[in-house]
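Novice: All chains should be modelled from the sequences, with the hints used to inform the complete structure.
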Amino acid sequence: MREKLHRINLTPLNTALYTIWMRQHNNIARSLKKINSGWNDDRLFEESRRIVIAQIQHITYNEFIPALIGKSQLKTRGLVLRNTGYDSSFDMKLIHQTFNVFASTLGWIFFGLYPNVIDLNFNGQHPFNMIYENPSLVQSSRKFQALIDFLASSPILSPGLHIQQNVNNLFGDKNHNLTIFEYVIQLSRYNRIPSYGKWREYCNLPQAIAFQDTSHFRPDVNIETLSSFYESPSDMDLLIGLLAESPEIGSLYGPTFGCIFSEQMKNVKTGDRFWYENFVGSSAFNEKQLMEIRKTKMSKILCDNAILHTMQPNVFRLPNKFELGIEQYRRLEEAEGRKQRENNLVDDHSGALVVHSRLLAPKSESLQLNRRASILREATSIILNENRKDLPNDLSIETLKELLPTIEVDSVIGNFTPYLGWNPLPVDECLKRRLPCDHTSPYRSYSGWCNNLKFPHYGNSFNPMRRLMPPSYDDGFDKARSKSTSGQPLRSPRAISNAVHSESPAVHVHYTHMLMQFGQILDHDMMHSPISRGANNTILNCTRCDSPNTVSMHCMPIEIEKDDPFFPPFHSDGTPRCINFARSLIAQLTLGYRNQLNQLTAFLDASYIYGSSECESNRLRLFRGGALNFTNLGCFMAGDERSNEQPGLTVLHNILLREHNRIAAELQRLNPYWTDEKIFQTTRRIHIAQLQHIVFAEFLPIILGYETMRKYELIPKTIGYFEGYDENCDASISQEMATSAFRFGHTLIRSDFPRMDKSMKITNDSLLLQNHFSDPSPLYENESGHLETLLMGLLGSHSMEFDRHITDAVRNHLFAKPGGPFTGIDLPAVNIQRGRDHGVAPYNQYRELCGLRKAKNFDDLRGSMESSAIEALKTVYTHVDDIDLFTGMMSEKPIQGALVGPTIACVIGEQMQRLKKCDRFYYENNKEFTRFTQDQLAEIRKVALSSVICKNSEYSKHIQPNAFILPDEFRTLGDLVDASKCPPLFAHSDGIHAHAFHFHTIAYFGSLLLDSVFGHLV
4 MREKLHRINL TPLNTALYTI WMRQHNNIAR SLKKINSGWN DDRLFEESRR
54 IVIAQIQHIT YNEFIPALIG KSQLKTRGLV LRNTGYDSSF DMKLIHQTFN
104 VFASTLGWIF FGLYPNVIDL NFNGQHPFNM IYENPSLVQS SRKFQALIDF
154 LASSPILSPG LHIQQNVNNL FGDKNHNLTI FEYVIQLSRY NRIPSYGKWR
204 EYCNLPQAIA FQDTSHFRPD VNIETLSSFY ESPSDMDLLI GLLAESPEIG
254 SLYGPTFGCI FSEQMKNVKT GDRFWYENFV GSSAFNEKQL MEIRKTKMSK
304 ILCDNAILHT MQPNVFRLPN KFELGIEQYR RLEEAEGRKQ RENNLVDDHS
354 GALVVHSRLL APKSESLQLN RRASILREAT SIILNENRKD LPNDLSIETL
404 KELLPTIEVD SVIGNFTPYL GWNPLPVDEC LKRRLPCDHT SPYRSYSGWC
454 NNLKFPHYGN SFNPMRRLMP PSYDDGFDKA RSKSTSGQPL RSPRAISNAV
504 HSESPAVHVH YTHMLMQFGQ ILDHDMMHSP ISRGANNTIL NCTRCDSPNT
554 VSMHCMPIEI EKDDPFFPPF HSDGTPRCIN FARSLIAQLT LGYRNQLNQL
604 TAFLDASYIY GSSECESNRL RLFRGGALNF TNLGCFMAGD ERSNEQPGLT
654 VLHNILLREH NRIAAELQRL NPYWTDEKIF QTTRRIHIAQ LQHIVFAEFL
704 PIILGYETMR KYELIPKTIG YFEGYDENCD ASISQEMATS AFRFGHTLIR
754 SDFPRMDKSM KITNDSLLLQ NHFSDPSPLY ENESGHLETL LMGLLGSHSM
804 EFDRHITDAV RNHLFAKPGG PFTGIDLPAV NIQRGRDHGV APYNQYRELC
854 GLRKAKNFDD LRGSMESSAI EALKTVYTHV DDIDLFTGMM SEKPIQGALV
904 GPTIACVIGE QMQRLKKCDR FYYENNKEFT RFTQDQLAEI RKVALSSVIC
954 KNSEYSKHIQ PNAFILPDEF RTLGDLVDAS KCPPLFAHSD GIHAHAFHFH
1004 TIAYFGSLLL DSVFGHLV
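With the working numbering applied, the sequence shown corresponds to residues 4 to 1021, in that order.
The set of hints was computed from the structure by calculation and includes no laboratory data.
You can take every hint at face value.
Within a straight-line C-alpha distance of at most 16 Å, the following computed EDC-like cross-link-like pairs (lysine to aspartate or glutamate) qualify: (1) 457 / 441; (2) 859 / 884; (3) 857 / 884; (4) 146 / 122; (5) 896 / 862; (6) 820 / 778; (7) 201 / 234.
Specialist: Structure (structure tokens):
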């Protein structure tokens, strides 16, 4: 080290800080050289020096001094900096100098804050008296970084009348006769520094004549010892008095120190013509330069020049894990933004990338939660990786998984937004979360708020999902599962899709395609986990195989292996081909493992019709007669953004909108004095009850079978009320339900959607699914029978068999650009990848949970899987413990009397049990204020999906009584439903006003159906 001042090498900590500022100077000089290539060395040096001095001045007065004497003292002592503009406090008459008292006493007081040793973790502990004038610890980058980390993360010794022995003897090993504090006392006496009492008088502070008058001293000061050296407190050497004083609020030291120190720093500021905020001739910075200097933080200086990844915003205060998380999140956000500006190009706005991303787009509320969750993720990372030394050595990853989420962070979460410099709209604008809850209202909120009066947030939209098993991440917390039990990489989800989920022509002999279609719309009532976005909410293009490094850490593209039967493994330019996949948006609001978000309410509340927030609902309403809006033009808008995903889904959306408007029109006719709001909310309540009954009485019995329905108490009552509501129950959707179990319907999807006439005979205009993703135009094709023939096709055509096989329409062509080769994505591969992304445990772990014996090898699967399925699994998994949950579930044989296998039945049964028991508004509940009357409930129990369809369709005059069962099974029995005999929703009860919504009857009114009933979604 060539610095003339020997103090640069006093301790390695001094050396490290000198080095930091030397590097900062050189970095600035290099930047100036790039911008001003014509400047000579002298100009570059002086300009760099000028900037560095300004930065040091700003840090000293903006960060260091407030930490030392407290922010409250700054204004009274004339040390406040300006936020904008220039400072006018320069005094040319002032003698600008270092006070003798500062040089002789105050400047030495900080040695009392040093700890006994420097702890450099990997490089051991170093006593202070052994590192005097020894810069060797700075002579490697690793040690240098450790020194800076020690400075920023280690606590100071609490101020007081003490000093650590190794520090006090710092000079001792170099043949000095005095300890540091002995030297300071001797120096101050030699320089005739007045006594402590004189300085108290100078600072207009009360005098302490006797030691009985020392109530302003720290409690741990030994008065008896002091009195043995001094006759009076006023006689004490200044150093002793400063160390003995109790600190002022927000300060490290007492008022005498604050007075003298502030006088010195005020002199430095007001006596310097070149002070960085001054406007004095050519020495002044312009306003733009000044604003940049005001952005300087010591943390940024340290990070930039010690190549550190994280640092608390204020390095003069101990790191707060949450603040570090904020800082790291900021840096990641900046880095992500740079990568995306360079590489995140989205050229084709009609391809699978854009279509899929829009269907899984995050709402504004989700983005707000994601920012908070991202900070907590980074805080978790810091705790586990960079600060692991602070944790007990015997804490396992499994223990930490349970421990970290229990740490209270609510008080910190509320303070995140100011750190981020971001001002979102008030949550209350769309998600009204008012307390206390109105327990008398018969109407559920859109967001699920206050469904549970005890825990109002349970089951709400924009809540994290829950788990049936602990998460399975590679690092235990965040990194997607990618390793097999042998430590080798898991096979690509696309390879698994090819081996296990290849297309099969088998159709189901009993069930209609409507079973698949109702299952999809039911899925859209319960779950919607959005995917990550780029900077400024842009779509992430994760199609490149190197996109995790070049585009975003949220990219997780699916590899296409060399022997793929459909997708070429390489592009025409020779680069590897991958399937686009972005990780799901994170939403955990605790420390600990990564968790994902559900944008919908968990409850069966027809949110696909009405939305999951008040703002969404308002966009869908006509605000006249309680009706939902409708039009005959354009795409369709509904409560769920996926309503146009494929034509069959859009058809069912239209039928259910018509049913709402049919009920609303009849309510208005019977109750002309009702307001639009009352008609709308009452209609919504009735419609939700009908749909819940269809789910529990028609759909679930087919899927789960009687035994599973009985086990999970899902069978609806025939009379009376359900009395099993649990006020401590959380309805939130499980990860296993969302990522795997309720995706069973993908095997039921046909590659074509037949059009059928009124007699359920196939016409010549069937739709190929692969050509009609996000294309509602078939609903407008009058020559082909528009919506009606598609509806009859759903009722009259077979669904595919439940098995592990899935049609190539969604395995090779999902969301493909029509006519564009290899532009689609693979749905089962996405399902597998999504499970890994969400940290869902492998299939074998759920066998035990669901009552099956855990398999030790592939042969143990033979009781629950066909031999062909097991052989297919062996080709892509090296061990039974590696099987992904989705693939394992789909490979199981159906249980007796059910459509699905035992593990799917278990996960769906568990979820549906909670959706029934946890819902205060469940249609059969006996809760006061929310229940239907016995008569109303009896009428709801008469509703079937077929009756809803026949009331709202032109063609469905003769359809089967159960829309999920093929009509051929019943025609010989003469059981087809005649539309003219569709049951009324509520029987006429003359003169009796129904509880809660006060109507006489809602009857089917045949040919008097209003035109609005046949209106389309907005």
